[in-house]
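Participant: Letter by letter, the chains look like this.
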Amino acid sequence: MSPMKLNLKELSRQEDLLAPGHRLCPGCIEPVAVRQVLQVAGPNTVVATATGCLEVSTTAYPYTSWRVPWVHSLFENAAATISGVEAAYKTFLRTGRWKEDQPINFVVFGGDGGTYDIGLQALSGAIERGHRFLYVCLNNEAYMNTGIQRSSASPLGTWTTTTPVGTRMTGKPQPRKDLTRIVAAHGVPYAAQASPHLWKDFMRKVEKALGTDGPTFINVLAPCPRGWRTPDDLGIQLGRVATETCVWPIYEVDQGVWKLNHRPREKRPVVEWLKVQGRFLHLLRPENRHLLELCQAEVDRSWTSLQAACGASGGAQGTPEAPRAAEGA
Amino acid sequence: MAVAAVKARGSPRPAEGIAASLSGSLAVAEAMRQTNPDVVAAYPITPSTIMVEKFSEFVANGQVDTEFVAVESEHSAMSACIGAAAAGARAQTVTSSQGLAYMWEALYVASGTRLPIVLHCANRTLSAPINIHCDHSDTMGARDSGWVQLYAENTQEAYDNALMAVRIAEHPEVMLPVLHSQDGYTITHSVERVELLPDDVARQFVGEYRPRYPLLDLKAPVTVGPIVSPTYYFEMKRQAVEAMERAAEVIHNIGQEFGRMSGRYYGLSEEYRLEDAEVALVLLGATVGTARVVVDQLRSQGMRAGLLKVRSFRPFPGDEVVQALAGKAAVAVLDRSLAYGAAGNPLFQDVCSALYVRGMHVPLVNYVYGIGGREAMPNDLLQVFKELYRAADSGQAGPAVRYLALRE
Chain A
0 MSPMKLNLKE
10 LSRQEDLLAP
20 GHRLCPGCIE
30 PVAVRQVLQV
40 AGPNTVVATA
50 TGCLEVSTTA
60 YPYTSWRVPW
70 VHSLFENAAA
80 TISGVEAAYK
90 TFLRTGRWKE
100 DQPINFVVFG
110 GDGGTYDIGL
120 QALSGAIERG
130 HRFLYVCLNN
140 EAYMNTGIQR
150 SSASPLGTWT
160 TTTPVGTRMT
170 GKPQPRKDLT
180 RIVAAHGVPY
190 AAQASPHLWK
200 DFMRKVEKAL
210 GTDGPTFINV
220 LAPCPRGWRT
230 PDDLGIQLGR
240 VATETCVWPI
250 YEVDQGVWKL
260 NHRPREKRPV
270 VEWLKVQGRF
280 LHLLRPENRH
290 LLELCQAEVD
300 RSWTSLQAAC
310 GASGGAQGTP
320 EAPRAAEGA
Chain B
0 MAVAAVKARG
10 SPRPAEGIAA
20 SLSGSLAVAE
30 AMRQTNPDVV
40 AAYPITPSTI
50 MVEKFSEFVA
60 NGQVDTEFVA
70 VESEHSAMSA
80 CIGAAAAGAR
90 AQTVTSSQGL
100 AYMWEALYVA
110 SGTRLPIVLH
120 CANRTLSAPI
130 NIHCDHSDTM
140 GARDSGWVQL
150 YAENTQEAYD
160 NALMAVRIAE
170 HPEVMLPVLH
180 SQDGYTITHS
190 VERVELLPDD
200 VARQFVGEYR
210 PRYPLLDLKA
220 PVTVGPIVSP
230 TYYFEMKRQA
240 VEAMERAAEV
250 IHNIGQEFGR
260 MSGRYYGLSE
270 EYRLEDAEVA
280 LVLLGATVGT
290 ARVVVDQLRS
300 QGMRAGLLKV
310 RSFRPFPGDE
320 VVQALAGKAA
330 VAVLDRSLAY
340 GAAGNPLFQD
350 VCSALYVRGM
360 HVPLVNYVYG
370 IGGREAMPND
380 LLQVFKELYR
390 AADSGQAGPA
400 VRYLALRE
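Sequences listed follow chains A and B, in order. Number 328 marks the last residue of the first sequence (numbering that gives the first Met the number 0); no jumps. Number 407 marks the last residue of the second sequence (numbering that gives the first Met the number 0); no jumps.
These are computed hints drawn from the structure, not numbers from a lab. Mixed in with the good hints, there may be bad ones.
[Unchecked claim] Cross-link-like lysine-lysine pairs, in silico, PhoX-like; alpha carbons within 25 Å at most:
| id | chain 1 | residue 1 | chain 2 | residue 2 |
| --- | --- | --- | --- | --- |
| 1 | B | Lys53 | A | Lys89 |
| 2 | A | Lys4 | A | Lys274 |
| 3 | A | Lys98 | B | Lys218 |
| 4 | A | Lys89 | B | Lys218 |
[Unchecked claim] FRET-style restraints, in silico, Cβ to Cβ:
| id | chain 1 | residue 1 | chain 2 | residue 2 | range |
| --- | --- | --- | --- | --- | --- |
| 5 | B | Leu217 | A | Arg239 | 29 to 39 Å |
| 6 | B | Glu234 | A | Gly146 | 41 to 51 Å |
| 7 | B | Pro128 | A | Leu283 | 49 to 59 Å |
| 8 | B | Pro128 | A | Gly129 | 36 to 46 Å |
| 9 | A | Arg22 | B | Ile129 | 29 to 39 Å |
| 10 | A | Gly210 | B | Gly340 | 57 to 67 Å |
| 11 | B | Asp216 | A | Ala296 | 52 to 62 Å |
| 12 | B | Lys236 | A | Gly146 | 36 to 46 Å |
| 13 | B | Arg373 | A | Asp100 | 55 to 65 Å |
| 14 | A | Gly95 | B | Asn60 | 15 to 25 Å |
[As the list claims (entries may be wrong)] Beyond 12 Å from chain B on every Cβ pair, some chain A residues (computed):
| id | residue |
| --- | --- |
| 15 | Gly26 |
| 16 | Leu92 |
| 17 | Arg228 |
| 18 | Ile235 |
Built from N, CA and C at the ideal position, the CB exists for glycine as well.
All chains, please: the whole structure from these sequences, using the hints.
Facilitator: Next up, the structure:
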């Protein structure tokens, strides 16, 4: 598959496979990420979606925003559902009921709740069995569809409605789970982290994943104005801050080779990430200084560990001169 | 599918059966091989495991075209079947007990999405305490999940039902999943003489599945599993209820078509020496076989005993049951599962309701038997008949719910 041309003029002429008129919140980054995926995947794509914001907001019967075949069955089983779809496709190919020259892309969208938590078993199983699918986790770092409850993707200290800030508790006591590394540990042919503000990087990753024969995974940061307590127009900017503070590193594990795809010119302090979001403001109070330090330490720890992984496995990106992924517009 | 049906109907005489000695599990696996599903997704659990082991051998030896998905849980087994069936495939799974319980929420998705999945269940009780033996707690737990439920009496029926289930599920008037039950161990592990259909006859009977709205039709993209508001939800559920009601006639017709082909005819229920009986049992599953022996024994002593076997528990053949039980002096409904705190146990509830809404009164008692694998022996069933006669003679039914062969 020759790499597709990624220029905005060309892309703007493509038909949107996620139709406008859906009911996602203003400023939600999920549809941005979904469109970026579908622009690469194209119409020969079957999408499975876990229960969540995307599912409820794009399929209010009798309407649908999906111009590609789409299936939803439950919250925790999107990876198992796509396993069945892909298995059916394999049988159809084998028995001549499907032409080999018209391959189908199988894409899953799940939120962090449906992926990090309740759907982790199904995802792990589907990966281990080696189905050919791309799983895209739209990670907004909490259960937003049910009204901002903590997930295992919520960072240390996050305010959510189940980790409220009170007199004894100051947000989520635990750091988040590193799901991308967990998926990579399955030995998948391709796993990556991305952010829609680095759209070229993200779309290249989608292209690479869809060109891979086997299970692939991309964890995308999807800022949520409602749950993060941020202005509606800040979503793309938040992605930038997340990468510049190394809160959300942009990297890939391609056939076991770890590679940093974007290195900030200067690693910014985590406070720059925290101070623009209502969900973290309590961390800036003087009495919570120790928590702020813990947050920074957690980011530093995982950043150092990631750099080591990228350096150690031969990805020549462990130097300060590593390239910056193009942000495009 | 329709073509195959017509051809089978046109067969001049029953096909030559192939006699074999098989356990229920192996017989069902044979039916699965002949059906050649597009996708089988399953997870091992006692006592259903042998079916899936045997089927895996068919896959490994290229005897089927099936894509076998060895999932990491029963939840994923049903989910993968849902994905496969939505894609337009013929999908099946196999499970028991906790496995079926673990599938529970996905069972509703299968029926609510009107996907004709077939599930072969080897009945086993539910934990706790953990126990691997038979009762019907697992499938009765799925009673209201929108699945057609068939119960087999023996290995032959397990094989026959496994083939008919596919036709029932995929019938355009039904389009509901079918749960095909057989008592764990009693049927799944007991070797009996069974007559198999020749492969070509079985394949022709099952026919081809032509899905109406397959997900894999890229030219006509469909959205499967949308969110539905109160404006439409109730009507959708009512449609599924109507499909379940229509399934009654479909089950009957397919049972007759199967009979013309094999010599073995099936309805939704079956009467045994019931017509002139004074006292009768109503039951389902493998214990029917034991009850037949007991009925014969009583008949040989001049007592007019009979039984009614329920083959299709969902849809429940209320009219047939009422007609069959009309005028009996006393009837015992035997349940192999518990409905804690209810007015009676699952089969009893249905029999009671069927009678009551038709303005019919028959003295009824409910016996719970065989929980956790304690088999009902002929003497236990003789005891039931004895108590029925006592009730009929005295006009005193006694306690409505009783427990058979239980230390109290």
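Participant: Work down the list of hints and note, for each, if the structure agrees.
Facilitator: For each hint, the structure was consulted:
no.: 1; hint: B:Lys53 x A:Lys89; result: holds, 21 Å
no.: 2; hint: A:Lys4 x A:Lys274; result: violated, 37 Å
no.: 3; hint: A:Lys98 x B:Lys218; result: holds, 14 Å
no.: 4; hint: A:Lys89 x B:Lys218; result: holds, 19 Å
no.: 5; hint: B:Leu217 x A:Arg239: 29 to 39 Å; result: holds, 36 Å
no.: 6; hint: B:Glu234 x A:Gly146: 41 to 51 Å; result: violated, 29 Å
no.: 7; hint: B:Pro128 x A:Leu283: 49 to 59 Å; result: holds, 54 Å
no.: 8; hint: B:Pro128 x A:Gly129: 36 to 46 Å; result: holds, 38 Å
no.: 9; hint: A:Arg22 x B:Ile129: 29 to 39 Å; result: violated, 46 Å
no.: 10; hint: A:Gly210 x B:Gly340: 57 to 67 Å; result: holds, 58 Å
no.: 11; hint: B:Asp216 x A:Ala296: 52 to 62 Å; result: holds, 53 Å
no.: 12; hint: B:Lys236 x A:Gly146: 36 to 46 Å; result: violated, 27 Å
no.: 13; hint: B:Arg373 x A:Asp100: 55 to 65 Å; result: holds, 60 Å
no.: 14; hint: A:Gly95 x B:Asn60: 15 to 25 Å; result: holds, 21 Å
no.: 15; hint: Gly26; result: holds, 21 Å
no.: 16; hint: Leu92; result: violated, 10 Å
no.: 17; hint: Arg228; result: holds, 26 Å
no.: 18; hint: Ile235; result: holds, 28 Å
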